Amino acid sequence: MINRRIVLAALSAALLVTTPLVAHAQNLPGNIRMVIGSTSTGGDTYQNSAIVAEALSSHLGINIKVDPVGTSEGLKALERDARGTTIMLHHDQIYLSYLYGVPGNDDPFANYVIGPTVAINPGDSFLVPADSPYQSMDDILTAAADGTKVRVAIQPGGVSEIGFTAMRNAAKVRSPGSEENIVAVNTGSQADKNQAMWDDLADVINGSIQANEQFTQLPADDPKAMRFVWITARPATLDQAPEAGMGATTRADFLQYASPATSVTLDGTEDFAFDKEFFLLYNKDMDPALMDAIDTALAEIYAEGEIQKRQAEAFFIPNYLPRAEALEHLSAKSERIGGIINDLKAE
Amino acid sequence: MDFLGLISPLFVLLAIGGTLVGIIFGAIPGMTATMAVAICLPLTYSLGLENGLALLLGLYVGGISGGLVPAILLGIPGTPSSITTCFDGYPMAQRGEGEKALRIGIFASLVGGLISLAALYFFAPALADFAIRFSYVEKFLIILFALTVMAALSSNMLLGIFSGFLGIFVSLIGVYDVTDGGNGHFRLIPPGTDYWLEGGFSLLPVLIALFGLTAILEEAEKGMPKGMSLKQIEVGAHSRFSFSVFKGQVLNLIRSSGIGTFVGILPGVGGSAASILSYTAAKTTSKHPERFGKGEPAGVIASEAGNNGLTGGALVPLLSLGIPGDSTTALLIGAFALQGIQVGPLFIGNNGDTWNAMIVAMIIANLAMFVMMYFAIRWFAMVVAVPKHILYPVILMMCVIGAYTINYGIMFDVWTLLIFGVFGWLATKLRLEVAPFIIGFILGPSAEIYFVKSLESFGDLTIFFTKSWIAVILWVLIIGSVALSIVMARNNRATAAAAG
Numbered sequence: 001m002i003n004r005r006i007v008l009a010a011l012s013a014a015l016l017v018t019t020p021l022v023a024h025a026q027n028l029p030g031n032i033r034m035v036i037g038s039t040s041t042g043g044d045t046y047q048n049s050a051i052v053a054e055a056l057s058s059h060l061g062i063n064i065k066v067d068p069v070g071t072s073e074g075l076k077a078l079e080r081d082a083r084g085t086t087i088m089l090h091h092d093q094i095y096l097s098y099l100y101g102v103p104g105n106d107d108p109f110a111n112y113v114i115g116p117t118v119a120i121n122p123g124d125s126f127l128v129p130a131d132s133p134y135q136s137m138d139d140i141l142t143a144a145a146d147g148t149k150v151r152v153a154i155q156p157g158g159v160s161e162i163g164f165t166a167m168r169n170a171a172k173v174r175s176p177g178s179e180e181n182i183v184a185v186n187t188g189s190q191a192d193k194n195q196a197m198w199d200d201l202a203d204v205i206n207g208s209i210q211a212n213e214q215f216t217q218l219p220a221d222d223p224k225a226m227r228f229v230w231i232t233a234r235p236a237t238l239d240q241a242p243e244a245g246m247g248a249t250t251r252a253d254f255l256q257y258a259s260p261a262t263s264v265t266l267d268g269t270e271d272f273a274f275d276k277e278f279f280l281l282y283n284k285d286m287d288p289a290l291m292d293a294i295d296t297a298l299a300e301i302y303a304e305g306e307i308q309k310r311q312a313e314a315f316f317i318p319n320y321l322p323r324a325e326a327l328e329h330l331s332a333k334s335e336r337i338g339g340i341i342n343d344l345k346a347e
Numbered sequence: 001m002d003f004l005g006l007i008s009p010l011f012v013l014l015a016i017g018g019t020l021v022g023i024i025f026g027a028i029p030g031m032t033a034t035m036a037v038a039i040c041l042p043l044t045y046s047l048g049l050e051n052g053l054a055l056l057l058g059l060y061v062g063g064i065s066g067g068l069v070p071a072i073l074l075g076i077p078g079t080p081s082s083i084t085t086c087f088d089g090y091p092m093a094q095r096g097e098g099e100k101a102l103r104i105g106i107f108a109s110l111v112g113g114l115i116s117l118a119a120l121y122f123f124a125p126a127l128a129d130f131a132i133r134f135s136y137v138e139k140f141l142i143i144l145f146a147l148t149v150m151a152a153l154s155s156n157m158l159l160g161i162f163s164g165f166l167g168i169f170v171s172l173i174g175v176y177d178v179t180d181g182g183n184g185h186f187r188l189i190p191p192g193t194d195y196w197l198e199g200g201f202s203l204l205p206v207l208i209a210l211f212g213l214t215a216i217l218e219e220a221e222k223g224m225p226k227g228m229s230l231k232q233i234e235v236g237a238h239s240r241f242s243f244s245v246f247k248g249q250v251l252n253l254i255r256s257s258g259i260g261t262f263v264g265i266l267p268g269v270g271g272s273a274a275s276i277l278s279y280t281a282a283k284t285t286s287k288h289p290e291r292f293g294k295g296e297p298a299g300v301i302a303s304e305a306g307n308n309g310l311t312g313g314a315l316v317p318l319l320s321l322g323i324p325g326d327s328t329t330a331l332l333i334g335a336f337a338l339q340g341i342q343v344g345p346l347f348i349g350n351n352g353d354t355w356n357a358m359i360v361a362m363i364i365a366n367l368a369m370f371v372m373m374y375f376a377i378r379w380f381a382m383v384v385a386v387p388k389h390i391l392y393p394v395i396l397m398m399c400v401i402g403a404y405t406i407n408y409g410i411m412f413d414v415w416t417l418l419i420f421g422v423f424g425w426l427a428t429k430l431r432l433e434v435a436p437f438i439i440g441f442i443l444g445p446s447a448e449i450y451f452v453k454s455l456e457s458f459g460d461l462t463i464f465f466t467k468s469w470i471a472v473i474l475w476v477l478i479i480g481s482v483a484l485s486i487v488m489a490r491n492n493r494a495t496a497a498a499a500g
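So the protein lines, in turn, are chains W and U. Mind the numbering: the first sequence is residues 1 to 347 in UniProt numbering, read in order. Mind the numbering: the second sequence is residues 1 to 500 in UniProt numbering, read in order.
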């Protein structure tokens with residue numbers, strides 16, 4: 001006898017069978033978790049992932065949820081899932097931590113598949129207090145060469161440290177031995193770096209255009225006032241930023257703090273420059289067809305041109321490279337930076 | 001300022017709706033204001049900045065306030081910032097003063113919220129300038145002052161202090177994270193457990209385990225006859241509330257609201273420290289410190305005024321420096337980022353409409369919180385009438401869900417819940433004290449970072465005494481609190497000896 005329970009059970013079973021587990025575009029899972037290498041929802045990693053996840057979701061008709069779990073938990077989640085239901089978005093920090101030997105960080109090129117790049121944050125920068133005797137990077141490197149200790153507040157083991165490494169490298173190239181006068185003050189968040197400056201614990205701090213630009217607009221007698229001395233991005237990258245720049249600082253102003261106007265030499269002939277690039281990572285056993293599907297979707301999204309507008313509004317530079325090109329590009333970048341780090345370690 | 005121009009029906013609805021949802025999140029053990037804000041954050045893109053902020057600020061105020069309900073009625077803090085509400089609110093409920101405790105807490109929450117909002121509106125830039133005078137040294141001393149409450153909360157001072165230090169020790173398990181300025185090294189991790197313990201134990205699972213799961217295990221041990229409810233926690237009846245309870249507590253109310261606001265403006269000290277510090281200060285300055293922890297209304301006032309004082313305070317560094325004051329305002333910064341709005345020292349001047357909208361939303365949220373909670377006490381009270389054999393499994397389920405979702409889906413957090421639930425159950429048998437343990441666990445990581453960074457930055461221990469006049473004042477408070485604990489312990493011993 002057919003009763004209500006049987007009808008309900010039959011309906012449930014039918015629903016289960018007809019609900020496709022993988023029935024969306026190019027066989028991508030219908031629900032994808034995008035873990036990111038940051039636990040903050042206020043930072044550039046979350047912003048970038050939100051833009052990319054939204055664009056992919058609407059283009060493919062699937063659900064993508066961004067989970068800010070941090071690098072370690074993000075990689076663990078990625079390792080556990082080869083089905084393609086978990087992907088990761090992070091930036092250069094993931095291989096820089098390995099190159100700097102931060103405990104617990106393995107070679108991402110060996111353990112994961114490097115996916116497509118999506119954007120650059122051109123904001124990585126260094127600042128001094130408004131009343132600092134240092135007007136430029138040249139002043140800082142000259143002071144180091146003259147035997148003055150220059151304290152630089154950074155967060156070790158990542159993008160924050162690479163600029164510091166480049167400063168030490170430039171000091172070494174200009175005056176061997178003077179790199180010992182560029183010393184790191186290890187701090188954590190941007191708040192800690194700012195506080196280190198205000199407590200006179202650091203002469204120079206690592207910061208970003210987005211987080212620090214307003215401090216550069218304060219009156220010079222304000223104890224919180226700062227000045228940019230170096231923006232690490234490549235000039236070609238900064239050139240793509242909106243002409244209005246950010247806040248009261250125009251793109252032309254920013255270019256004055258980047259190479260070639262501000263020179264932090266790599267080898268005496270060429271300047272060091274560094275773009276903070278965001279890219280996807282996949283489980284190494286994930287079906288390449290799924291990776292291709294994401295590549296294709298992103299290529300179509302960037303061809304449409306809408307995502308670039310959103311990225312530009314958030315002061316990011318669109319930078320789509322399919323995964324093969326991204327791997328080649330990021331491997332070369334990692335190798336180049338690894339060389340600088342190892343040269344300094346060998347001293 | 002054109003306040004009325006900002007009030008559209010949708011804006012008001014979102015602020016009130018956000019407050020209601022926030023109260024529900026705060027009132028469910030395991031769910032927090034931070035979670036509520038995180039879930040609704042993506043909505044702000046489609047709602048627009050001002051409407052989105054109305055929703056998020058409602059969630060924030062409601063979430064912080066809702067935590068007092070389970071803290072008082074069940075002895076389980078709904079959020080980490082309501083932990084000290086348990087210490088006196090639950091004993092009050094157990095002796096039949098649940099309604100009184102709830103109303104005291106709700107009114108104190110309103111006062112704390114409005115005082116901090118006034119501070120935010122009138123003094124935000126000046127307060128931010130004051131906040132940056134607090135270096136690692138002063139922040140460490142503030143944490144140390146909050147830690148002194150461990151001794152005062154203990155029934156046996158020696159065991160209490162031991163439990164507190166055990167809490168600090170356990171909180172330090174895991175990597176000394178580079179994002180905190182550490183060296184990235186693993187420490188205190190037993191061999192073979194790196195994979196799980198790399199990030200240490202999360203606060204929320206530990207908190208709900210020690211207060212929720214432990215209580216359930218203890219009840220299970222005693223046996224739970226079917227149909228038995230928490231009927232001893234009567235609400236209403238012989239616990240009529242009257243505002244006369246605040247007689248003699250005005251100073252406590254204002255001081256606690258001020259402390260909460262002050263902790264909020266100091267980035268990195270942590271939201272939970274607000275109520276702990278307010279509670280410590282109330283106990284230290286009370287004529288009857290021996291009543292704290294046994295159902296003293298002043299304890300509920302201090303805790304709730306303190307944690308709601310945080311709400312306005314934490315927005316001060318966010319809107320004046322671009323630096324969030326606690327974990328929830330760290331999420332709010334995402335709302336600005338998603339709209340491409342720079343938050344920094346020029347934010348208030350450059351974004352007058354958004355700033356005014358935030359103030360209006362906070363006023364609406366605080367008033368809505370008061371009205372909804374004050375008049376919904378009868379509904380909240382229904383929870384104590386639910387038979388334990390139904391109530392406890394539901395609480396357990398919510399604890400598991402809360403533990404799993406707090407860090408966006410990490411299964412080890414559920415294991416943490418189980419491990420510390422069993423630990424809490426065993427700890428009471430070993431006469432270890434849970435309250436000092438959890439306070440040590442909450443404050444341990446900040447204490448470590450600021451202590452190490454102080455030494456790294458300034459070289460030696462003398463800096464803790466010579467850094468500034470602020471440090472000297474903090475030492476006076478620390479010594480006062482410790483001395484009071486010692487005197488109280490002696491008096492208790494003398495009383496016990498006289499009685500025995």
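Don't take each hint at face value.
[Stated by the list, open to error] The list that follows gives simulated cross-link-like pairs (lysine to aspartate or glutamate, EDC-like), each with its CA atoms no further than 16 angstroms apart:
(1) U/K429 - U/E219
(2) W/K224 - U/E198
(3) W/K76 - U/E219
[Said to hold, decoys possible] Here are the computed distance ranges between Cβ atoms for each label pair:
(4) W/N31 - U/R187: 47 to 55 angstroms
(5) W/T296 - U/A118: 49 to 57 angstroms
(6) W/Q217 - U/I390: 42 to 50 angstroms
(7) W/A236 - U/V472: 27 to 35 angstroms
(8) W/N31 - U/Y45: 18 to 26 angstroms
(9) U/I390 - W/N31: 27 to 35 angstroms
(10) W/E335 - U/V472: 50 to 58 angstroms
(11) U/G409 - W/K284: 15 to 23 angstroms
(12) U/V422 - W/T296: 29 to 37 angstroms
(13) U/V472 - W/D239: 26 to 34 angstroms
(14) W/E328 - U/Y195: 52 to 60 angstroms
(15) U/S202 - W/E328: 53 to 61 angstroms
Rather than coming from a laboratory, the hints here were simulated on the basis of the structure. Only a predicted model underlies this, so the values are computations on that prediction, with no experimental measurement involved. All residues carry an ideal CB built from backbone N, CA and C; glycine is no exception.
task: Given the range 27 to 35 angstroms, decide if the beta-carbon distance of U/I390 to W/N31 lies inside it.
output: Taking Cβ atoms as reference, U/I390 and W/N31 lie about 33 angstroms apart, which means the hint holds.
message: Given a hint of 15 to 23 angstroms, does the C-beta separation of U/G409 and W/K284 actually sit inside it?
response: 22 angstroms, holds
message: W/K76 and U/E219 were given as a pair; does the straight-line alpha-carbon distance stay at or below 16 angstroms?
response: Answer violated: W/K76 to U/E219 is near 37 angstroms, above 16 angstroms.
query: Taking the beta carbons of U/S202 and W/E328, is their distance inside 53 to 61 angstroms?
result: Given about 39 angstroms between the Cβ atoms, the range is violated.
field: Verdict for W/T296, U/A118 (Cβ pair) under range 49 to 57 angstroms
entry: 56 angstroms, holds
field: Outcome of range test on Cβ distance (W/A236, U/V472; 27 to 35 angstroms)
entry: Cβ of W/A236 to Cβ of U/V472: about 54 angstroms, so the range 27 to 35 angstroms is violated.
message: Just to be sure I understand the hint, the distance between the Cβ atoms of W/Q217 and U/I390 should be within 42 to 50 angstroms; is that true here?
response: Hint violated: Cβ distance 59 angstroms, outside 42 to 50 angstroms.
message: Between the beta carbons of W/N31 and U/R187, is the distance compatible with 47 to 55 angstroms?
response: 37 angstroms, violated
- prompt: If you draw a straight line from the CA of W/K224 to the CA of U/E198, is it 16 angstroms or shorter?
  reply: 36 angstroms, violated
- prompt: Using the C-beta atoms of W/E335 and U/V472, is the stated range 50 to 58 angstroms upheld?
  reply: 54 angstroms, holds
field: 16 angstroms Cα cutoff - pair U/K429, U/E219
entry: The hint holds at about 14 angstroms.
- prompt: Could one say that the CB atoms of W/N31 and U/Y45 fall in the range 18 to 26 angstroms?
  reply: 20 angstroms, holds
Hints 2, 3, 4, 6, 7, 12, 13, 14 and 15 from the earlier list are contradicted by this structure; the remaining hints agree with it.
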